[in-house]
Amino acid sequence: MTVASVLVVGGGPAGLAAAARLAESGVAVDLVELRPALGGAFHRRPIDGVAPWPVGREGAKRWARLTDDLRRPRIRIRLRTAFLGLDGSGAALLDDLAAGRVEALRPDAIVVATGAVERVRPRPGWELPGVSTAGGLQMAMKETGRIPEGRILLAGNGPLLVALAGQMIAADRPPVALVEAGDPIRHPIAGLGLLAHPRPLLEASGHVLRIFAGRLPWRRATTVERIEAVGTALAVTLRDRAGRAETIEVDRVALHDGLLSNDHGLPEVDDGAPGRPIVARAGDCREVLGVAAAEIDGHRAAEEVVARLAGAPGADAAAARRLAHERHAQQVLARVFAPARLPVPVERLPRETVLCRCEGRTVGDLVDLVDGADAPGGREIKLSGRFAMGLCQGRFCAHWVAEAAAGLRPDAPAPLSGDLTGRRWPARPVSVAAVVASALPPER
Amino acid sequence: MSAPTILWNGRPVPFRPGESIGTALGAAGVVAFGHDPAGRATRWFCGVGACQSCLVRVGDRLVEACLTPASDGLVVVSADREPEAAR
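Protein chains in written order, with our numbering: chain H, 1 to 444; chain P, 1001 to 1087.
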């Protein structure tokens, strides 16, 4: 009897947990990771000679657990390898980034564990150099152990910004200010729900205490209205809850408005027709529930795959209960961080606001396109308007374009984000040379 | 021994072993990475290989600065420069 083989895509907590549990069950595992090191976003590894970024006691224990479990036979780890998708024949295509070559695997199952991408609300100037996502800034900090030089403004919405501000203060390089659309400390009743989640509550309290102790300007119920380049600096216009505008000058802006599943171009969950692999998803790419849930969900997905490979249904009630607990924590946080005012609808932003950075398409371009006699559908907005058509494949704009188009044409069926991005592989750009250099095996 | 460097648009930029092209440029104060072939300004953005905003050219390939390790003597140019410039 041949050993079943499973491809795990993504070396973050969900992928690592899935790989370990699969190997424990006697399955041969190929684990592919895009970066030169395992870890994912939360557990991003530092470069040689740099201490890992503090991730709390729970976090340190989780990482030790995940890497211990990985020391099993039957797990082959391939770093710097991108999963491009499943082709029509059911082959999983991998892009070996170091060698510049595409190869195909024919696993019996795939666990997709590609994590999350950040949601960044469009604002005039968000496309300027010096503006990054807050997670992007945090990744650079975790990798290098250093905070980039210059005055840094954190802005947007959600608990990640509070954590990042707390980490920067702890590293003695506080941001200039933390601009938050919500007003989290005005929701003590909603916040009581966090008492059911002592671990994240304790962590959040630590960051909030650091923010107050460090006298960091925490501009709650305030939004970034626009960012303008002034020489090498950035002038950021804020608007507070009373409608007052204020402009501050900084060197870098880190934006964040929440997280989305990173599932573009990736195969859907599938029971596996003959000749095609079973597909499961795990962690934030299935549902954004955070790092603790990712480990639970990795184990759950592995058990589901093992059961399905044996022809059994794969529901795990215990994992479902633990995930429901993590979901509750996320729901409480969402209530606590609810924006204090309704954000300006994307379609009412200034016409010059870039919606799709890759193709340089603006709010004005979308208004002109959608304002005809017949409202265009999602595919048409993409093909004629070139929205979500660029290299990022709509990861950062498709949801906003869909929302804005729906707002502009309430008379027409609302386009879906998926209509704009498409649902086909490749999941990321691949060079023609790499495909040409590929050695694809015959179909099985 | 002097610190290893990449050659960024003809100028030596030091990096620490294991660092990506993107964080090495960031540490050297390079915020604007030039332009991509579509003419959009390139820069560090998502840090996770998803946004394609940090494309740079290494040889005849466009690569994400945030994903690609720096190596000593590596020739890196803005994405809109000719491949010859990176040789």
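What the hints contain is simulated information worked out from the structure, not anything from laboratory work.
The reader is advised that the hints may include incorrect statements.
[Stated by the list, open to error] Footprint (simulated), chain P over chain H, 3 or more residues, beta carbon under 8 Å:
(1) 31-40
(2) 120-132
(3) 136-142
(4) 339-348
(5) 384-393
(6) 422-436
C-beta: ideal position from N, C-alpha, C; glycine also.
List in ascending order the numbers of the hints, as given earlier, that are violated by the structure. The structure breaks only hint 4.
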